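Sequence order for the protein chains is A, P, U, S, H and Y.
Each step along the first sequence adds one to the number in the working numbering, with nothing skipped, and position 126 is 906.
Each step along the second sequence adds one to the number in the working numbering, with nothing skipped, and position 305 is 1085.
Each step along the third sequence adds one to the number in the working numbering, with nothing skipped, and position 91 is 871.
Each step along the fourth sequence adds one to the number in the working numbering, with nothing skipped, and position 180 is 960.
Each step along the fifth sequence adds one to the number in the working numbering, with nothing skipped, and position 281 is 1061.
Each step along the sixth sequence adds one to the number in the working numbering, with nothing skipped, and position 132 is 912.
FYI, nobody ran anything at the bench for these hints, they're computed from the structure.
One thing to keep in mind: the hints can contain errors.
Identical copies go unnamed one by one, so any copy, or any two together, can satisfy a pair.
Pairs of lysine to any residue, SDA-like flavour, derived with a Cα cap of 20 Å [said to hold, decoys possible]:
(1) K962 - V885
(2) K789 - H810
(3) K920 - R798
(4) K816 - V1057
(5) K795 - V862
(6) K816 - P1017
(7) K816 - H1046
(8) K816 - A897
(9) K978 - E863
(10) K1062 - Q996
(11) K1062 - D874
(12) K789 - G871
(13) K1007 - F942
(14) K978 - V1057
(15) K1096 - L975
(16) K886 - A787
(17) K816 - G959
(18) K978 - L1098
(19) K1007 - P995
(20) K789 - T812
(21) K893 - E815
(22) K795 - N785
(23) K893 - D945
(24) K987 - H810
(25) K1062 - G801
(26) K795 - N1014
Treat the numbers as computed from the prediction; the structure is a model and nothing was measured.
Protein chains: 6
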Amino acid sequence: MPKRNIAYKPVDSLKSPRFSGVRTYMRLPHGTGLEKADVAVFGVPFDTGTSFCPGARFGPAAIRDASSILKPYCPLTDVNIVENISVLDYGDIDTVPGYMDDSFVKIEAGMVKICEAGVIPLGMGGDHSITLPLLRGLTKVHGEPVALLHFDAHSDTISDYFGRDYNHGTPFYWAIEEGLIKPEHSIQVGIRGPLYTKDALDYAKNKGLEIITGPQLHDLGLRETIKCARDRINGQPVYVSFDIDFLDAAYAPGTGTPEIGGFTTHQALQLMAGCCVGMNLKGMDLVEVMPAQDNAGITALAGASLMHIFLAQVAKGLE
Amino acid sequence: MPKRNIAYKPVDSLKSPRFSGVRTYMRLPHGTGLEKADVAVFGVPFDTGTSFCPGARFGPAAIRDASSILKPYCPLTDVNIVENISVLDYGDIDTVPGYMDDSFVKIEAGMVKICEAGVIPLGMGGDHSITLPLLRGLTKVHGEPVALLHFDAHSDTISDYFGRDYNHGTPFYWAIEEGLIKPEHSIQVGIRGPLYTKDALDYAKNKGLEIITGPQLHDLGLRETIKCARDRINGQPVYVSFDIDFLDAAYAPGTGTPEIGGFTTHQALQLMAGCCVGMNLKGMDLVEVMPAQDNAGITALAGASLMHIFLAQVAKGLE
Amino acid sequence: MPKRNIAYKPVDSLKSPRFSGVRTYMRLPHGTGLEKADVAVFGVPFDTGTSFCPGARFGPAAIRDASSILKPYCPLTDVNIVENISVLDYGDIDTVPGYMDDSFVKIEAGMVKICEAGVIPLGMGGDHSITLPLLRGLTKVHGEPVALLHFDAHSDTISDYFGRDYNHGTPFYWAIEEGLIKPEHSIQVGIRGPLYTKDALDYAKNKGLEIITGPQLHDLGLRETIKCARDRINGQPVYVSFDIDFLDAAYAPGTGTPEIGGFTTHQALQLMAGCCVGMNLKGMDLVEVMPAQDNAGITALAGASLMHIFLAQVAKGLE
Amino acid sequence: MPKRNIAYKPVDSLKSPRFSGVRTYMRLPHGTGLEKADVAVFGVPFDTGTSFCPGARFGPAAIRDASSILKPYCPLTDVNIVENISVLDYGDIDTVPGYMDDSFVKIEAGMVKICEAGVIPLGMGGDHSITLPLLRGLTKVHGEPVALLHFDAHSDTISDYFGRDYNHGTPFYWAIEEGLIKPEHSIQVGIRGPLYTKDALDYAKNKGLEIITGPQLHDLGLRETIKCARDRINGQPVYVSFDIDFLDAAYAPGTGTPEIGGFTTHQALQLMAGCCVGMNLKGMDLVEVMPAQDNAGITALAGASLMHIFLAQVAKGLE
Amino acid sequence: MPKRNIAYKPVDSLKSPRFSGVRTYMRLPHGTGLEKADVAVFGVPFDTGTSFCPGARFGPAAIRDASSILKPYCPLTDVNIVENISVLDYGDIDTVPGYMDDSFVKIEAGMVKICEAGVIPLGMGGDHSITLPLLRGLTKVHGEPVALLHFDAHSDTISDYFGRDYNHGTPFYWAIEEGLIKPEHSIQVGIRGPLYTKDALDYAKNKGLEIITGPQLHDLGLRETIKCARDRINGQPVYVSFDIDFLDAAYAPGTGTPEIGGFTTHQALQLMAGCCVGMNLKGMDLVEVMPAQDNAGITALAGASLMHIFLAQVAKGLE
Amino acid sequence: MPKRNIAYKPVDSLKSPRFSGVRTYMRLPHGTGLEKADVAVFGVPFDTGTSFCPGARFGPAAIRDASSILKPYCPLTDVNIVENISVLDYGDIDTVPGYMDDSFVKIEAGMVKICEAGVIPLGMGGDHSITLPLLRGLTKVHGEPVALLHFDAHSDTISDYFGRDYNHGTPFYWAIEEGLIKPEHSIQVGIRGPLYTKDALDYAKNKGLEIITGPQLHDLGLRETIKCARDRINGQPVYVSFDIDFLDAAYAPGTGTPEIGGFTTHQALQLMAGCCVGMNLKGMDLVEVMPAQDNAGITALAGASLMHIFLAQVAKGLE
């Protein structure tokens, strides 16, 4: 294939030190020129949906900071991102802190704008409640539900909390109810930890979602899990939602509800690379990075790096 | 005066180490038996109204932790608190994180319950938005507005933020609008830092509030400021609202919008003691302690200690 | 089996936010009513026995804080704790900081009280020296030594330190000498790191204790290790002592003598669940959580979660 | 005076939350369009000149983060910055980490570019060594030396360190030697702490610099010190160099060589406002903010706020 | 006076970077050669006497680290330390962690050894309980009690805690009872904060100690307080005991029982310099630096700097 | 073999607490008496070569602090270090912060001195740039190049950065160019993460170096990797260079360019022990420990422990 003309390129870190300059994702240009972009990286600095420890509103800034050490070529996927796709740091979608409904309207509108431009959205949370308006926006433009590839310690399929519908424990209940995802092509990976009741996961299962729990993933291993997820998605247009607490608390201390018994970054990188390669990737969010409790920025770095794998697989698809 | 029978007494820290036991304010009993209490200490772990850095929902827990080193006798006011009043740790008022309106209803209801029992409320925030429902509850029971003694770096009299009425920058706008406070007997002390516009403080002044700015307080000194505040309150039933960012950021790093150019804990203790002595104290809140950014717990300790002065002045009034 | 009447139930975290209220273990009731409890969770905030970095006296408070996000149903063991057993937060046993002997008397007396009430003790340290008086109290009531299931990086079977008998490196030397445990049914798991001498572990082995070192556990794997421990215990009444430094320093930075080359929380959860199921569990302690060096509370969370597994296996036994 | 047309305005924080968006100084536009700017804020992320604790290369990023809570109107100076001047975030000047000479060439060239455009430079360090190439660039364009208003704990007039000329302890030795400043109109304020020798300050004094030591400033008070500095500068074109360790270590822990016995942010704000009002301000740098050791960002916030005063006084001059 | 021959000199920090080498106090030689020393700096890493937050056992290491940035000439006292006296880092006195009595014997013995060599002791704590055995050792050698100059937030004259005589709240009760100090020439400065009872300070006062409380010091100012202390000491051989919590919690967060409403490092430096000049200085301890809660090492730096003033005044006496 | 006479022995930590005394590596004697040493531990506190986050100049101090809990007998290698070899803490090699070339001269000279004394060098970084002058010094004395066993996340074989030859990304490019190592007997293990270009590793491979990437190591497992490395080295005199970022960021947060997807300390210990046993060990460096971002000292502890394995294998070779 002839080399495409790539509009947006990052600063060269062999010439300009990586700690220099205004911080954008991976030192890419910042702007709103969607027309020249293949992928738009954007933040949704919103944590009003947090049930325990807030602060994910500072997630996008932390991920941008950490991403400055990322380089263009990804060995895991054998692709040079910036030679194959044009990626833009689109800035943040403004929200209304303290107000769920107002914010959801704004987040959905922002997502619609990106998708309407034919650009693949790559969002940085914020808490997990943002995935609901993001999926609303995505499916509104695409006209049909998507397969969901969901990495998380928690299923987030509770119907309500404290008597209200929306918070970061409920997005996938509502995504199913609103027909935003295709349960039969969707899968949740890594779910673990104590639950409110024995049947807490029944809703999701009854609706047709597949769940690979944390202990199951520990038993199955990477290869089997990847195969399982790929079979499930089966080539459908797919949206990836990655809650950073999929990682073990030792690897991702900077999150609002850390969970032990989880996974390493090695495992997460392999799963992302293996599940996404060759897929019809429609978008991704990376949520729940909360820098106030992070340690040496390792959680933000993990988040930035997992987004990097997504970019690499999009790039590979366009190679 | 014959010694009153004091129902609630703290654990004796010369016998039981101060780091021992379930944490309540000042190691006082925890329960809901308002009928035997003169003052009820309670938490409002709510930070949905935060415009910048959230986490004040963990304020009550942090203040309780820090308060375990407080002792009964207060030299500044020359009174032994626990020999003169019965203080109960009433626990926390539950809120609905992420939902302002639902939470305000619950906070007001909780306040009403305490006030109806004839008990003096001493609340731990939480962000400053909670003062509005607390004042609603207080005045509902008392049947009339109160004088306000307000220590803060910010006036919090903006009418709206992001297109919505309630957050931690607006409580006193609405308290004035709803007739919860008597502006002519109210005073704001310590207001400082850049403003949105030159006339940002005009609303409050036009409504009759007195404002002693930070620089003015630095010039006037403690004695003059105390005199000024006492003249203003003039014996009216008074409610104290203490935002911990009245303190300089070096003294109170653990808060959501730290402000430099502020005051020392020595100054704050003297002001609280000097302004409150002999006053008709109807209640107090101590807000905006955010432990995620605190340093060695010094912000929480300052908060706990300023509440201690309030208790001492209540105790002195009953001596 | 007909449902038992459960006296103590935690606050419902779907109704009351998990960051709300005075902090008890798992949001359970706090009190001294042992007669209605199956298990009593209690703290022993004592670190006078620490040879390197002190601060474990704040362990119980940190574990209580972290435990507020634990939910009732444990998938690893397939049991709902709070529907099957009544668990009480019994508060802390007061000690005399700086005085080993005085403190040991108090800790033993506190343990006797719990055991005499027929309640299973679940203690939170505190440094590991507390296990000696806890075992003294337990065996005094039960009238015979117990099997010991001991997870740790260190064998803690040195006879003396700095010329004195008791500190956190010696409890199991004295437990053996005093006949508090049955060496032939006891096992130490995870012992690793440099030693004072090559024969540092000989005392324990000569007395009949089995030791699975860290490297051996890495080689054996979880299944074999569990089998080995169960064979060893062989149905005897068993006491579990879990030193949090069994976990690798990356998973448990908040401890006084962190040790590298250790284990993940996934491994620890599986080992606890696998070794304890169906056993005659007489009590447990979880020691050496030291929050001053913890990171995002992950060490305290690990400790709280491992206690949760113990509760689950007790509950399963009574199902 | 008719309102000028202001090209660059910050985002409105009453509409867009202050934690939203790519981080620039005070949420101002980022770009290189000097022709529409009155002042260019820029970073010099360089700490190769540090003799003790490095990390000031992350100072510009930290100051940008902290500055997002600054508002347009400055009460201390009674001026609305953004209504009176056009301020641009010009990004960072790239340097060559590890190489003093190469970096000095780049820093000087960057400064020349800004000054040649007729724009007032407002630089964020970096360590204090950067002031030498900044002064070289400034005077190259202006054609003559400037008066120096220097706030610092250290005089930085040592001739060499470890056998080499340039590091952050030597810039003013070389500025004098190279004729970049007018000693007779220059003043150093706040110098304190132990020295290498009794006559360590003699070079500066012999060259005609005035030094108000820390203890002298504590004695003189703000008003006298301001008068003294203004007399000294006497209307000459002046460059302000503010080392954040002028502040006491409690107010500025985030710096490479913190010094106790220093000053509060209240004092610093008053001094900056009082010394700069009505002066012929040619430029400023704010150096030595080192976020790795900062506490809740208070050092970066102090730095951002002191730059704000400079902007305000520039704005006032153009009102 | 002819220059004395100074045996021990620090490394030259203009030649060898201050972060280089094994850490001793002020980069002085480490050894046991007391015969060539005028002053011996030594650590007492002991915190078994701590009633709240332990960790002062790491105080000496933290002070040594911080002291590497101290330079030889002290402007406040106008003396070059290393040109006038020979100072040795004598290392630490070993103690028995967890055992008060054993440790006191060792500390006293270590102190006797230093004093018998005719060397002035300058000890680094450790918690304040160490001052009792240090005074025992000092007076044993000197043959008579000393005047005490005591800076602290707490009087430490309680007779017992938790039923035992010795901990860090009781050293001066026992120093008086054992006749180690001359109360009529002794003074406590800075005492503040809540007390157990109104008459908590009566014991000390009845024994003839003078107490300048924190609020009194705030009122009197530095000059009056210095005069008062000097009158009190009146030329008697004097021992200085400086508890770092004399400083406000914002200036000294790294301590076991931080206290608000306290003093700045500027005030502390002036008081130390003013009280000690020309006095018959017999020794000093600087206690309660606890690095686990310190912030950027500012507490340790303050401690190291206050010791520096003591050295300077000793040097001045020998000039 | 008859026991050798060991000149240098560490303090006995069962008699003197491990937190006591001036900090040297493993509590060994500090001095320059190379003639009685088998191995010299020394620091190179230099981070001028850092391309991202500086602070490794404090690495030696941090490793010394952490090493105080290491004991003499190493179970992994079954050898008692201090009974078999004499190890000296030789202090630090002074450098010229901010000047690469000057520093390289000093580092090389220091290395020559150690090697000429026939002592095995064990260096603590500092950033990875120091390995170049260390190898220069080593080969100058030994007269021929060495095999290289290199653990790292990064290959560090870039030819230049920012237009200059030397920084911490280039040492092995120059080591190959200068003929300091034998590529055909050298191996790099653990290389991972994004690269500047697809062929970034080609230079090293073309020169004959073997590279086992991170993912390859994850696949191969420990046994195969050890075999591969041993085959490669094949008995040649070998120098070990261990960059702490070989470890995953969760295990080594305290480093300048943390990398996720890496290895555990268990894996690192096994690899070091397995690769080094029986080898002709000529020296080692452990680099890139940066305490400012470390967490509870776990990175420094890992570094100290990996050095301990090296010492053990040297000791075993002399047993």
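Now for the hints, and whether the structure bears them out:
For the identical chains of this complex, K962 and V885 are neighbours neither inside a copy (23 Å) nor across copies (39 Å), given an alpha-carbon limit of 20 Å. Both within a single protomer and between protomers do K789 and H810 lie at most 20 Å apart by alpha-carbon distance, with minima of 11 Å and 18 Å respectively. Taking the shortest alpha-carbon separations for K920 and R798, neither the intra-copy value of 38 Å nor the inter-copy value of 29 Å comes in at or below 20 Å. Taking the shortest alpha-carbon separations for K816 and V1057, neither the intra-copy value of 24 Å nor the inter-copy value of 47 Å comes in at or below 20 Å.
Taking the shortest Cα distances, K795 and V862 sit within 20 Å of each other inside one copy (16 Å), while across copies they are farther apart (34 Å). Proximity of K816 and P1017 under a CA criterion of 20 Å is satisfied in neither setting, with 22 Å inside one chain copy and 47 Å between copies. In the homo-oligomer, the alpha carbons of K816 and H1046 never lie at most 20 Å apart, since the shortest distance is 33 Å inside one protomer and 45 Å across protomers. In this assembly of identical chains, the alpha carbons of K816 and A897 lie at most 20 Å apart only when taken from the same copy (10 Å versus 32 Å across copies).
Taking the shortest alpha-carbon separations for K978 and E863, only the inter-copy value of 11 Å comes in at or below 20 Å, while the best intra-copy value is 49 Å. When the C-alpha separation of K1062 and Q996 is checked against a cutoff of 20 Å, the pair qualifies neither within a copy, at 27 Å, nor between copies, at 31 Å. Taking the closest pair of Cα atoms, K1062 and D874 never come within 20 Å of each other, the shortest separation being 22 Å inside a single copy and 37 Å across copies. In this assembly of identical chains, K789 and G871 lie within 20 Å of each other by CA distance both inside one copy and across copies; the values are 16 Å within and 17 Å between.
In this assembly of identical chains, the alpha carbons of K1007 and F942 never lie at most 20 Å apart, being 38 Å within a copy and 44 Å across copies at closest. Taking the shortest Cα distances, K978 and V1057 sit within 20 Å of each other only across copies (18 Å), while inside one copy they are farther apart (35 Å). With identical chains, the CA atoms of K1096 and L975 are at most 20 Å apart between copies only, with a shortest distance of 16 Å across copies and 39 Å within one. In this homomeric assembly, K886 and A787 never come within 20 Å of each other (Cα to Cα): the closest approach is 28 Å inside a single copy and 28 Å across copies.
For the identical chains of this complex, K816 and G959 are neighbours neither inside a copy (31 Å) nor across copies (48 Å), given an alpha-carbon limit of 20 Å. Taking CA atoms no more than 20 Å apart as the test, K978 paired with L1098 passes between copies only; the shortest distance there is 17 Å, against 44 Å inside one copy. Taking CA atoms no more than 20 Å apart as the test, K1007 paired with P995 passes in both settings, with 17 Å inside one copy and 19 Å between copies. Taking the shortest Cα distances, K789 and T812 sit within 20 Å of each other both inside one copy (15 Å) and across copies (18 Å).
In this assembly of identical chains, K893 and E815 lie within 20 Å of each other by CA distance solely inside one copy; the values are 11 Å within and 33 Å between copies. In this assembly of identical chains, the alpha carbons of K795 and N785 never lie at most 20 Å apart, being 22 Å within a copy and 37 Å across copies at closest. With identical chains, the CA atoms of K893 and D945 are never at most 20 Å apart, being 26 Å at best within one copy and 28 Å at best between copies. For a Cα distance limit of 20 Å, the shortest separation of K987 from H810 qualifies neither inside one copy, at 40 Å, nor across copies, at 40 Å.
In the homo-oligomer, the alpha carbons of K1062 and G801 never lie at most 20 Å apart, since the shortest distance is 31 Å inside one protomer and 24 Å across protomers. Taking identical chains as interchangeable, the C-alpha atoms of K795 and N1014 are never at most 20 Å apart, the minima being 43 Å within one chain and 39 Å between chains.
When the structure is compared with the earlier hints, violations turn up for hints 1, 3, 4, 6, 7, 10, 11, 13, 16, 17, 22, 23, 24, 25 and 26 and for no others.
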